[in-house]
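*Asks:* So you can see what is in the structure, the chains are spelled out below.
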Amino acid sequence: MFKKDASEASTSQPRAPQTSGGRAPAPRRGGGQATIGPSITIKGDVSGDEDLLIQGRVEGKIKLAKHNVTIGPDGSVKADVHGRTVVVEGQVEGDLRAKEQIILRHTARVEGSIAAPRVTLEDGAVFRGGIEMDGGAKDGKPLVGTPTKNEKQGNAEKDEPAVKGAAGEKGAGQSLQA
Amino acid sequence: MKLPWRSRAETVSIEEPPPEPPGPSVEIHGSPGLEEALRGVPDDGSCKVLDLGPSVADNVEFISSFASYLQIVDAIERGPGADVAEGAGFGRLSTFPHLVKRHQRSFHLALVWDVLNYLSPEQAERLVRAVAELCIPGARLHAIIYSTDTMPVVPNRYRILGGSRLAYEPSTRDIRGVPNLPPSAVEKLLKGFRIEHSFLLQHGVHEYVATRKRWYVKN
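Top to bottom, those sequences are chains A and B. Numbering of the first sequence is given in numbering that gives the first Met the number 0, commencing with residue 0 and proceeding in unit increments. Numbering of the second sequence is given in numbering that gives the first Met the number 0, commencing with residue 0 and proceeding in unit increments.
Warning: the hint list may mix true and false statements.
Computed beta-carbon distance windows for the label pairs [claimed, not checked]:
1. Glu195/B - Lys77/A: 22 to 30 Å
2. Glu195/B - Ser38/A: 54 to 62 Å
3. Lys42/A - Pro120/B: 41 to 49 Å
4. Gln201/B - Lys42/A: 42 to 50 Å
5. Gly203/B - Ser46/A: 50 to 58 Å
6. Ser119/B - Lys98/A: 26 to 34 Å
7. Ser24/B - Ser46/A: 35 to 43 Å
8. Arg213/B - Ser38/A: 54 to 62 Å
SDA-like, lysine to any residue: derived pairs with alpha carbons at most 25 Å apart [said to hold, decoys possible]:
9. Lys100/B - Gly36/A
10. Lys100/B - Pro72/A
11. Lys100/B - Gly55/A
12. Lys60/A - His102/B
13. Lys100/B - Glu49/A
14. Lys100/B - Pro116/A
15. Lys77/A - His102/B
16. Lys42/A - Pro96/B
17. Lys77/A - Asp43/B
18. Lys60/A - His97/B
19. Lys100/B - Ile39/A
20. Lys100/B - Arg96/A
21. Lys77/A - Lys100/B
22. Lys60/A - Leu98/B
23. Lys100/B - Gly31/A
24. Lys98/A - Pro181/B
25. Lys100/B - Asp79/A
26. Lys98/A - Lys100/B
27. Lys60/A - Arg101/B
28. Lys100/B - Gln90/A
29. Lys60/A - Gln103/B
30. Lys100/B - Arg117/A
31. Lys98/A - Arg193/B
32. Lys100/B - Asp48/A
Hint data in this document are derived by calculation from the structure and do not stem from the laboratory. By construction, the Cβ of each residue, glycine as well, lies at the ideal position given by its N, Cα and C atoms.
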């Protein structure tokens, strides 16, 4: 069922999928990644021994614990996905689990839970659900004061709190206008 | 002799497209409420966080530095074409507790940013009740509530900057009136929580930090 791509045989990292403009991709030969083309719909479990790129629809379960799974921008998955690395560029409704890393690209729309040692979520990705994390505080990272990318961009803080106090304290609460 | 390109230049006028109107601007403000709320959560890597807002890359990165679990609810539609009617997102809000796996229903921190402004009082009350039931006694709740005359028609996206500041990222310039939620009403609304701190910021936003009561009677 799956075709192989020779160009991807030498790498273990998931590659950006090739979009095919709505047509099924040409057959691939002699490589390490299978493709489910945009015109393909699979209902049932998917398992195997090679990386997988999904540009079509899958409903069921995807179990490729030792391999990379990529849901391409045209891909739509209603299934639990288990891979070594899982990259989402399309739509997923289900739980994602990876041994190494899960990446949600900016085009991803995911509803479900995520569990992986490393989770990368790009801005623009729409995600609803739970993310199981390692809990970085075990490594001594501070609760407050962790720098982020945006801070390095030099945006200036605009103001400080005007009033501090307990709720109902004089001055702390102001009436609002409807 | 008239050169052809010159003649064409004389007759063809190239109209430049009108400049696009500037998008809504991002504002960065200090967040003493967030700073205070973070002080009250466990720092041993066991912390579970409930975020009623949308997924934001920097927030996930920051929260992952101290939490073991993050539940993102993304309660209210944002962006162009979003249904901006009051309570538009409540359908999703009312069902989200069922999406939280049973063994994860013990949150230490709830981020309720810009949600209560966009719900009817009844909806907001039901939401807070659901949040209280998902939080453990002593859990912190950090709420952001507009106290100006107007607010964006759809909630802002908030980006955590280092745990003490927030970037307010509006998706529209359109504004609407703000429902009347004075501190006394918020205190009443946050049933199951006890307000420990409130901060009225200069730009007209009120931050509340509340603690889940030990005893909480379900209605």
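*Asks:* Hint numbers the structure violates, sorted upward?
*Replies:* 1, 4, 6, 7, 9, 10, 11, 13, 16, 17, 19, 23, 24, 31, 32
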